[in-house]
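Enquirer: Each chain is listed here by its residues.
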Amino acid sequence: MDLKEHVVQKLKEHFPGTNFETTDYRDELTIKFPKEVVVDVCSFLKFDPDLEFSFCEDVTAIDWAKRKDRFTIVYQIYSFKNNFRLRLKADVDESDCKIDSVTSVWKTANWQEREVYDMYGISFNNHPDLRRMYMPEDFEYHPLRKDFPLMGIPGSIPLPKK
Amino acid sequence: MGLESLLKQDGYFTTKVDALIAWARKSSVWPMPMGISCCAIEMMAAGDPKYDIARFGSEVMRFTPRQCDLMIVAGTVTYKMAPVVRKIYDQMPDPKWVIAMGACTASGGIYRTYSVVQGIDQFLPVDCYLAGCPPRPDNLLNALIMIQDKIGRTKAAEFKNAKPPELELTQRN
Chain H
1 MDLKEHVVQK LKEHFPGTNF ETTDYRDELT IKFPKEVVVD VCSFLKFDPD
51 LEFSFCEDVT AIDWAKRKDR FTIVYQIYSF KNNFRLRLKA DVDESDCKID
101 SVTSVWKTAN WQEREVYDMY GISFNNHPDL RRMYMPEDFE YHPLRKDFPL
151 MGIPGSIPLP KK
Chain U
1001 MGLESLLKQD GYFTTKVDAL IAWARKSSVW PMPMGISCCA IEMMAAGDPK
1051 YDIARFGSEV MRFTPRQCDL MIVAGTVTYK MAPVVRKIYD QMPDPKWVIA
1101 MGACTASGGI YRTYSVVQGI DQFLPVDCYL AGCPPRPDNL LNALIMIQDK
1151 IGRTKAAEFK NAKPPELELT QRN
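Top line first, the protein sequences correspond to chains H and U. Numbering-wise, the working numbering puts 158 at position 158 of the first sequence, and it's gapless, one number per residue. Numbering-wise, the working numbering puts 1158 at position 158 of the second sequence, and it's gapless, one number per residue.
It is possible that part of the hints are untrue.
[Said to hold, decoys possible] Some chain H residues judged to face chain U by a derived CB distance under 7 Å, without partners named:
1. Met133
2. Pro136
3. Pro143
4. Leu144
5. Lys146
[Stated by the list, open to error] Here are the computed distance ranges between Cβ atoms for each label pair:
6. H:Ile62 - U:Ile1088: 36 to 42 Å
7. H:Pro149 - U:Ile1088: 29 to 35 Å
8. H:Thr60 - U:Lys1155: 44 to 50 Å
9. U:Asp1121 - H:Lys81: 54 to 60 Å
10. U:Asp1121 - H:Thr60: 53 to 59 Å
No lab work stands behind these hints: they were computed from the structure. Even for Gly, the Cβ is constructed at its ideal location relative to N, Cα and C.
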């Protein structure tokens, strides 16, 4: 059986009540699910002996600006065992701008989630060390949000006196 | 300098103290290599035997600011890095000079974004701007010669009452 169908079928069997949306574009499989089940789904994908998605390549986010669910969190994961890449997506709304951290599943997600927190302002529940990654600690904005001006907000980062 | 011919005649020569001190200063400009990004590679190339910054007496790159006269800011200065650059500049003893090497330090360069300082002259007094992305080592040597000319025109008395800068003791985390 095709591995893509196998992954989707296993997920649907294991999480019967959950709504999974799958897209297959250019031979890349994407699975979208509600954000509440993110840790369960991820740990299932990692620890299932057939799948073994043991490597979290990247965690990032998309800002859709005016959409109802403003943000989408994207996880790129890889299975060494099957040489197979999978993309996971979960929507996060601005009014409830948080999602569970997957650091308990993949340790590599730690800094990647910090980056998402820094750039998009999405906070991660149960993250061990949720600090800013690039910007100064006392910076108030999130630069990769669509409503942040490219040249920044004048005076938001103080320069030393001349 | 052609001093040998003078020494053959009488064994001494007369000059001004200012000229002598300025000559000594400009012939031994010790750079602080503030290599922050890719311009630093060209700065290192200026030190190799092909370009040989030693011809101008500046081969002693000191990695402590306390022994330096000239700060070569080579690379993109971000807002997060700016206090660090300023702190190192403040630790250099007077008199001191600054070269803004490359497009990024001079104007922000291609990085026209929220995170990059659009020209280090916003927080440092710059003596020489150096064009290029990155500038060739020859260009850095050209800037060094310009700085030497500038040092050659200084008078020792100018620096007599130079006040040490007030160091900002609180560190931003």
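Enquirer: Look at each hint and say if it fits the structure.
Expert: Tested hints:
Below 7 Å, beta-carbon pairs count as interface contacts, and H:Met133 has none with chain U, the closest being about 11 Å; its hint is therefore violated. Checking H:Pro136 against chain U: minimum C-beta separation of about 6 Å stays under 7 Å; hint holds. Among the interface hints, the one on H:Pro143 holds; its C-beta lies about 6 Å from the nearest C-beta in chain U, closer than the 7 Å criterion. A hinted interface residue such as H:Leu144 counts as satisfied when its beta carbon comes closer than 7 Å to some beta carbon of chain U; here the least separation is about 10 Å, so the hint is violated.
With its C-beta approaching chain U no nearer than about 14 Å, H:Lys146 sits outside the 7 Å limit, and its interface hint is violated. Here the CB-CB span from H:Ile62 to U:Ile1088 is close to 39 Å, well matched to the stated 36 to 42 Å. In this structure, H:Pro149 and U:Ile1088 meet the distance hint of 29 to 35 Å, their C-beta atoms being roughly 31 Å apart. The hint said 44 to 50 Å for the Cβ distance between H:Thr60 and U:Lys1155, and at roughly 58 Å that hint is violated.
A hinted range of 54 to 60 Å holds for the C-beta pair U:Asp1121 and H:Lys81, which are about 56 Å apart. Taking the beta carbon of each, U:Asp1121 and H:Thr60 are about 36 Å apart, not inside 53 to 59 Å as hinted.
The earlier numbered hints that this structure contradicts are 1, 4, 5, 8 and 10.
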